[in-house]
Amino acid sequence: MRLNFVLSFVKFFLILIIFISSAYASEDIVEKIEINGLSSISKKEFLYLMGIEENKKLNREEINRGIKRVFLKNVFEDIRVEIDNKVLRIAVKEKPIIEEIKISGNIHFSEKFYKNLLLFNRGDRLNEIQLNKTKKKIEEELKKRGYLNGKIRVDKIQKGERLNIELIVDEGSPIIIKSIKWEGSVDEHIKAFLKLQPNDPFDKVALEDFIQRAREYLQKQGLIGSDIKYSFKDSELTIFVQQGIRVKVEIKGNESLSTGELKNIIMAHFQDRVNEEIIKDTVNSLISFYKLRGFPEVKVVPLIQQETSIWEITYFIAEGGQKIIEKVTFDKTSLREDELKVILFNKEGAPFNYDELLNDRQRIEDFFRSKGYYAVKVYQPEAKEVEENKMHITFKIEENKAVKIKSIELSVFDDFLKEEINTLIDNYKERLFSDAVFFEIKRKIREIYLKNGYPQTLIDGKYEIKEDKAFIYIHVNKGSKKVFGRSIILGNNKTKTDFIYKRLLSKEEQPYNPYIIDSERQSLYKTGLFSKIDINVEPYDDSIDLIYQLEENPAGAFEFGFGYGEYERAKGFLELSYINLFGMNKQIFSRAELSSIEHRTYVTYVDPWIWKDLTYKLSLIYEKIDVKNIDTKEIIYKLQRYGLSTGFEKKFLDYFKAELLYEVNYSKTWDVMPEVVITDKDIGKIFISGFKGSLIYDTRDNVFDPKKGWLIGVTSKISNKFLGSEINFLKTSFYLNKYTELTPGLVLANSIRAGWAWLYGDSKDLPISERYFMGGRDTVRGYAQNTLGPKKDGEPTGGNAFLIGNIELRTHLGKNFYLINFLDFGNVWSRVGEVSLSSLKYTAGIGLRYKTPVGPIRIDYGHKLNREKGESRGEIHFSIGHAF
Amino acid sequence: MVRYILVLVTLFNLIIASHTYGEFINRVVAYVDNIPITLLDFEKEYLKMKEKLPNIEKEEVISTMINKTVLLKKAKELFLEGKEEELLNSYIDLKIKASIIIPENQIRQYYEQNKTKINKPYSSVRAQIENYLYERELNKKLKEHIEELKEAVEIKIVFIP
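Chains as they are written, first to last, in our numbering: chain A, 1 to 884; chain B, 1 to 161.
For the record, the hints were derived by calculation from the structure and aren't laboratory data.
Each hint should be verified, as a subset may be incorrect.
Straight line, CA to CA, 27 Å or less: simulated BS3-like cross-link-like pairs of lysine-lysine [what the hints assert, rightly or not]:
| # | chain 1 | residue 1 | chain 2 | residue 2 |
| --- | --- | --- | --- | --- |
| 1 | A | LYS156 | A | LYS136 |
| 2 | A | LYS159 | B | LYS156 |
| 3 | A | LYS93 | B | LYS44 |
| 4 | A | LYS136 | B | LYS143 |
| 5 | A | LYS332 | A | LYS347 |
| 6 | A | LYS864 | A | LYS791 |
| 7 | B | LYS83 | B | LYS120 |
| 8 | A | LYS135 | A | LYS159 |
| 9 | A | LYS133 | B | LYS150 |
| 10 | B | LYS150 | A | LYS135 |
| 11 | A | LYS502 | A | LYS44 |
| 12 | A | LYS73 | B | LYS73 |
| 13 | B | LYS58 | B | LYS48 |
| 14 | A | LYS442 | A | LYS496 |
| 15 | B | LYS143 | A | LYS133 |
| 16 | A | LYS73 | A | LYS156 |
| 17 | A | LYS136 | B | LYS52 |
| 18 | B | LYS58 | A | LYS482 |
| 19 | A | LYS429 | A | LYS451 |
| 20 | A | LYS43 | A | LYS56 |
| 21 | A | LYS93 | B | LYS83 |
| 22 | A | LYS481 | A | LYS612 |
| 23 | B | LYS73 | A | LYS135 |
| 24 | A | LYS43 | B | LYS156 |
| 25 | A | LYS764 | A | LYS43 |
| 26 | B | LYS143 | B | LYS95 |
| 27 | A | LYS133 | B | LYS74 |
| 28 | B | LYS73 | A | LYS481 |
| 29 | A | LYS482 | B | LYS74 |
| 30 | A | LYS73 | B | LYS52 |
| 31 | A | LYS102 | B | LYS68 |
| 32 | B | LYS52 | A | LYS135 |
| 33 | A | LYS93 | B | LYS52 |
| 34 | B | LYS115 | B | LYS68 |
| 35 | A | LYS418 | A | LYS347 |
| 36 | B | LYS74 | A | LYS95 |
| 37 | A | LYS494 | A | LYS469 |
| 38 | A | LYS481 | B | LYS76 |
Please construct the entire structure, taking both the sequences and the accompanying hints into account.
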């Protein structure tokens with residue numbers, strides 16, 4: 001009795017312990033996390049994906065989910081999670097990294113041959129499947145080349161996380177061709193394509209290559225359906241060649257359509273065979289082609305003359321008249337006729353197409369329905385030949401009353417979002433009804449739910465039409481609410497995961513909204529680092545994880561080019577850039593330009609994300625220029641300049657960009673022509689330091705070759721002795737460019753540019769390096785480079801103010817060629833007060849452009865309209881890119 | 001009585017040990033490419049299958065889970081949607097069932113071969129035979145398909161619980 005009591009007590013005590021311990025376990029707080037064996041990703045990312053944090057409750061389901069998230073990285077073999085005394089211990093085993101790949105035992109094939117067949121590279125994680133596939137692939141390739149017993153053995157030597165792989169090749173002995181026998185119609189030219197000879201291995205790859213080349217050769221000879229086969233028996237290779245049929249096509253009776261385009265249609269059918277069925281198809285194709293061009297009565301009859309190796313086919317064509325639609329009328333319509341005419345296939349002035357007439361009737365009916373005329377009836381159209389080959393088409397329309405939306409009844413489980421939906425619905429009441437509007441209402445209601453975390457929302461709907469009223473009934477089943485879960489980044493080999501997370505929105509635990517994903521995708525593409533971004537979802541009961549599968553662009557680029565300009569003569573450039581420094585999208589660009597008169601080198605460092613989306617820039621520049629008179633080739637002055645600029649750039653409101661830079665320039669001017677000297681600062685060394693601010697509005701559709709949009713900018717630079725500058729000045733300039741596509745292939749481009757400098761304090765004149773020089777390829781094209789404005793003894797001195805205007809018509813000539821007509825005007829003045837519109841210089845001209853991916857290559861001739869005595873009639877300019 | 005005490009003592013030791021040496025939370029049992037089969041998932045599946053098939057071995061459960069993972073992976077690659085069971089069914093419908101046709105002569109041939117055992121007129125058992133042959137073909141094709149899929153993915157059993 002007593003023992004039983006003790007045992008019962010012990011039993012009760014143990015059950016209590018079990019209960020307390022299990023309750024305690026479920027309430028475990030993780031005070032510390034220890035991870036062993038992790039090297040492929042950061043601890044921060046690992047813990048984020050695992051869904052665990054220190055001083056948070058342990059959640060077994062979340063850890064289970066976390067292991068699956070982390071495994072998506074495809075670098076792990078095992079993850080073990082244990083808790084001991086509130087310390088969570090995670091042991092990670094990663095797949096080893098392939099450090100070295102060695103090929104040995106190869107005799108007949110080079111190491112390169114085998115390495116080209118590898119499905120893995122150095123630096124990859126070990127993947128047994130890829131290894132086995134590589135082994136099979138190599139063995140198959142050896143077999144194809146006659147080495148039937150070729151075998152590969154794979155040795156793996158692992159040193160910690162690193163792995164060396166050795167592929168030990170046993171090529172074995174090949175099957176040898178003892179003799180080659182040719183059958184069929186073979187000539188020496190075909191035989192020459194075969195690279196195999198007796199005593200070579202029986203190489204199927206070489207034979208397939210031979211067949212390919214021989215087929216191409218026979219096709220070029222105009223032979224259709226040639227057959228080339230081979231067999232290998234008792235070490236003898238037999239090659240059989242059967243040459244195809246030569247087809248001669250002649251077309252007679254075609255007056256309106258060219259023989260060339262008709263022959264192309266016919267020959268497209270004779271790709272690898274010729275027979276009577278195919279000839280029938282060619283006839284049908286010709287008839288369809290004619291009908292499409294307004295020949296409804298066309299007849300085509302083929303005459304076939306067949307010999308063993310030649311088929312001569314003559315197509316006799318009776319075209320009939322080409323029917324042109326003179327007029328299209330609509331019998332009673334309240335809609336605008338021009339709106340209806342746009343949707344028709346059979347348009348006024350176009351060839352008449354009988355086959356499309358019924359489709360046109362349907363198009364009109366659909367159009368009316370989309371405008372609310374739900375009960376519209378469009379009768380069979382009437383097509384009459386009013387004069388010879390001139391057609392009139394009449395569509396008889398019975399519109400009936402337009403249907404309006406009378407009511408939209410909504411049935412939802414609860415009132416959540418009902419207010420927003422009611423506002424939406426109210427906007428549709430009394431609007432014209434159509435199927436498209438009905439689907440639009442459903443789509444917009446669903447969109448409201450999707451944006452608020454209900455991705456499984458189902459919308460059922462129906463409508464009733466009673467006379468001219470539509471009654472719509474919509475039922476919403478919103479499903480369960482989901483929130484954003486974790487974001488898993490995959491495929492980023494060079495870009496830091498941390499950088500990518502910073503580009504994504506902070507959305508965890510927020511209602512799941514698929515539209516946010518699109519904006520994130522755009523934001524990632526904007527970095528220029530990725531060529532492909534797939535965002536997949538992994539749904540759970542309450543949340544949705546997002547998996548970002550990325551493909552990276554090459555981050556580095558090397559470019560070079562050379563050309564010829566009328567001012568610089570021979571010129572060239574070299575450019576080196578890398579846009580993913582430290583895996584953080586920081587960028588460096590360096591460029592060197594060299595020509596007969598100038599040498600310029602600059603290096604620019606850009607951090608587009610120094611603070612949120614604020615861009616930081618730092619540029620260093622060195623240039624040495626010999627400024628010459630283009631006509632006399634005399635040196636006007638020589639300039640050497642070292643410059644540094646640093647500052648910030650910010651894009652906002654989609655089309656605006658603001659920039660604030662601090663600039664310093666140290667320049668030296670010498671060999672200055674006495675005629676152009678205005679101030680003592682024009683010769684010798686000068687240090688200029690100041691701030692430059694710019695605001696740009698850019699809506700151009702294409703930066704290199706705009707067809708529409710605006711480019712407006714204003715720039716101001718202030719230089720002051722307090723900043724260490726030797727002179728005080730304020731320079732301001734603006735430009736306003738407008739591009740308009742008048743018709744497809746015709747663009748009107750207008751530009752107005754102006755600038756002025758204001759000197760203050762004890763500074764009286766701008767140094768030559770800061771003065772405005774205009775005239776030439778990008779400004780007023782009737783003048784040579786930098787020759788406009790005030791002159792001393794015939795040499796331009798530059799000035800403190802300028803005004804330039806351009807009007808340009810860009811006409812597409814076909815292919816990549818454009819014809820340009822332009823009118824330029826402008827001038828440079830010594831002082832703002834001297835600006836006078838009566839002293840503007842006008843030039844008109846013509847140019848040719850050849851479009852390339854980096855802008856057009858151009859040649860322009862500008863003719864002076866108000867030429868002065870002693871001036872040339874005009875100037876020719878070669879350059880790259882548009883003038884503005 | 002002694003046995004009773006022993007059980008209680010063992011239980012006590014287990015509780016003490018579990019708190020002394022730390023508690024095992026989860027780990028990877030096997031993986032298919034980058035999809036792990038965790039211990040937690042395995043335990044749930046094992047209990048479920050054990051109820052239906054008491055003699056089932058752990059290795060068999062892992063093998064079944066691997067097959068299921070391979071099929072689910074392929075189903076997701078085809079952009080099929082739904083919960084696991086729906087995904088599997090859609091995939092099998094699309095890839096396997098759509099290609100199975102039991103011709104009349106095969107049903108007749110089976111009937112003729114097993115006529116004595118069946119001992120019923122053809123018309124009364126035709127549907128049953130067709131159903132049986134269909135299921136047999138489905139199992140065979142599914143098995144072949146899974147084996148084919150398994151050759152293209154990396155599968156590793158990390159440990160057997």
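Task: Broken hints, by number - done: 7, 14, 17, 18, 21, 22, 25, 30, 31, 32, 33, 34, 35, 37
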